Amino acid sequence: MTTTVQVRGLTKHYRGVTALDQVSLELTAGRVYLLVGPNGAGKTTLLRVVTGLARPSRGSVSIHGRPFSSLERPAQVVGACLDPIRLPAFRSGRQHLACLAAAAGPPHQRVGEVLDSVGLPAQVAARRAGTYSLGTRQRLMLAAALLGDPQVIVLDEPTTGLDVHGVAWLRRQLRDWAGTGRTVLVASHSLTELAAMADRVLVLDRGRLIRRAARDGLDHGADLQTALSELLTAQEGRQS
Amino acid sequence: MTHILRAQARIAATTRIAVPGVLAMAAFVILTCLTPAVLFGQHRDPHTILWGTATIAAVTAMLLGALQTAGDLTNGMTRALLLAEPRRLRVLGAQLLVSLGLGAAVGAAAALLADTTQAILGRLALPAASVVSICLGTAVAAALCGVLGAAAGVLLRNAALAACVIALWGYAVEPFISTLSHNVYIYLPGGARDSLVRHVSAHHYIPPPLAGGLILAGFASAAALAAALTFTRRDVT
Numbered sequence: 433m434t435t436t437v438q439v440r441g442l443t444k445h446y447r448g449v450t451a452l453d454q455v456s457l458e459l460t461a462g463r464v465y466l467l468v469g470p471n472g473a474g475k476t477t478l479l480r481v482v483t484g485l486a487r488p489s490r491g492s493v494s495i496h497g498r499p500f501s502s503l504e505r506p507a508q509v510v511g512a513c514l515d516p517i518r519l520p521a522f523r524s525g526r527q528h529l530a531c532l533a534a535a536a537g538p539p540h541q542r543v544g545e546v547l548d549s550v551g552l553p554a555q556v557a558a559r560r561a562g563t564y565s566l567g568t569r570q571r572l573m574l575a576a577a578l579l580g581d582p583q584v585i586v587l588d589e590p591t592t593g594l595d596v597h598g599v600a601w602l603r604r605q606l607r608d609w610a611g612t613g614r615t616v617l618v619a620s621h622s623l624t625e626l627a628a629m630a631d632r633v634l635v636l637d638r639g640r641l642i643r644r645a646a647r648d649g650l651d652h653g654a655d656l657q658t659a660l661s662e663l664l665t666a667q668e669g670r671q672s
Numbered sequence: 009m010t011h012i013l014r015a016q017a018r019i020a021a022t023t024r025i026a027v028p029g030v031l032a033m034a035a036f037v038i039l040t041c042l043t044p045a046v047l048f049g050q051h052r053d054p055h056t057i058l059w060g061t062a063t064i065a066a067v068t069a070m071l072l073g074a075l076q077t078a079g080d081l082t083n084g085m086t087r088a089l090l091l092a093e094p095r096r097l098r099v100l101g102a103q104l105l106v107s108l109g110l111g112a113a114v115g116a117a118a119a120l121l122a123d124t125t126q127a128i129l130g131r132l133a134l135p136a137a138s139v140v141s142i143c144l145g146t147a148v149a150a151a152l153c154g155v156l157g158a159a160a161g162v163l164l165r166n167a168a169l170a171a172c173v174i175a176l177w178g179y180a181v182e183p184f185i186s187t188l189s190h191n192v193y194i195y196l197p198g199g200a201r202d203s204l205v206r207h208v209s210a211h212h213y214i215p216p217p218l219a220g221g222l223i224l225a226g227f228a229s230a231a232a233l234a235a236a237l238t239f240t241r242r243d244v245t
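Residue numbers (this note's numbering), protein chains in the order written: chain L, 433 to 672; chain H, 9 to 245.
The set of hints was computed from the structure by calculation and includes no laboratory data.
Note that the structure is predicted; figures quoted are calculated from it, not measured.
Heads up, a few of these hints could be off.
Said to hold, decoys possible - Covered, in the sense of this in silico footprint (three residues per stretch, anywhere, with C-beta under 8 Å from a C-beta of chain H), are these stretches of chain L:
id	region
1	495-509
2	517-528
3	535-549
4	576-585
Unchecked claim - Beta-carbon label-pair distances, calculated as ranges:
id	chain 1	residue 1	chain 2	residue 2	range
5	L	608	H	9	29 to 37 Å
6	H	9	L	562	28 to 36 Å
7	L	548	H	31	31 to 39 Å
8	L	517	H	168	13 to 21 Å
9	L	504	H	225	31 to 39 Å
10	L	489	H	216	47 to 55 Å
11	L	489	H	226	44 to 52 Å
12	H	32	L	541	31 to 39 Å
13	L	548	H	181	47 to 55 Å
Stated by the list, open to error - From the structure, some residues in chain H lie toward chain L, with a derived Cβ separation under 8 Å:
id	residue
14	24
15	85
16	88
17	93
18	133
19	244
Just so you know, even glycine gets a beta-carbon here, dropped at the ideal spot from N, CA and C.
Next comes chain L alone, as it looks inside the complex:
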């Protein structure tokens, strides 16, 4: 299988706090990776460093063998959906996507396609984003991530605010994306909603990648929530 994302010895310090500590991992095409861990484990930081928004203190991230910022057409390689709370309130959803499409390069009609694909009706997309519910914002951010039809899809808590139909759609999409050879990295607290769709589970705790395993290898038939809880408790015991 082709390695798409390679993370080597990634360390990130924030004013004396170590958010990531020597994290190394490889993600391959055609798989869904579920990144789990307790609050403050470093999940969002890892995604932000992978997408170039945060600078690593040490270590490196490469996508298709190159840093994200040196890719020829970055939006066609990586699409990310992070933090749907913050969105320019004055522009309509369609205007927001049109601005991003102008930057990313795909033709303008792609805006309509991604709006359709995430289930955002045209009349909703024409309204100011400031009036959107959290679920609608989440759909808009997902649409933005898909603008370039990327090979690597990075999602942070993508089920936040989504209704049951939205979650069901996302579950189907995760498998569809992986089925078409894309790499999907999802950070989520909602283990019950997305765990069944994951091929591999990556467990972060206090900035360290403490476990990476096939989903079945981690839960041994039990539910993932219990398995994860036991793993983290055992880790705490080892550290204390």
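Assemble chain H onto chain L, guided by the hints.
Okay, now just chain H, sitting in the frame of chain L:
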């Protein structure tokens, strides 16, 4: 680079502050032209009124630039843009270029509006060459102030703070410095702007327009460099 430039132009055109900001500037320019003539019957030197217009245009361009960049950093637009185009210098360069263009347009519009209003009032008693050079100077000053403002927005990362700093600097700090020492003031952005619009003073020396333009360009370049160093090193939240 053209992709990101187009995106930034689209973002600037759909920013909350763009249209109200330009309309407010137009209202201030008209008030500046009309107030002395209509309300008080004073005959003001047309040059002074055009200089006032240049100040309004420059402050407007600075505010638009600062509110745009600081606003985009806080409302998530810059982050969304960096996910589509991670080369930060390109993103910042496009922001600064758009602010430069927007500033030039704001300056030209303000100068034309002031000239037209003055002409209608029959008070544009200046040679055509002077009117043209003042218009050009206003556009150049506003363009460079647009870059200064955009860079300030990146450095301060807070739209309200950036607006306060710009207003305070333009309307309190620089005028105060000019009363203390005109020789220092002429080397500040406000003094350089005065040189660009040939705001001639009988009592004080002002550098020629080219020198004023170079001083202002120096400030804009230094601010852009500081913004670039900060923007490329800092994490984007």
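- Message: Hints numbered earlier in the text: which of these fail when held up against the supplied structure?
- Response: 11 and 18
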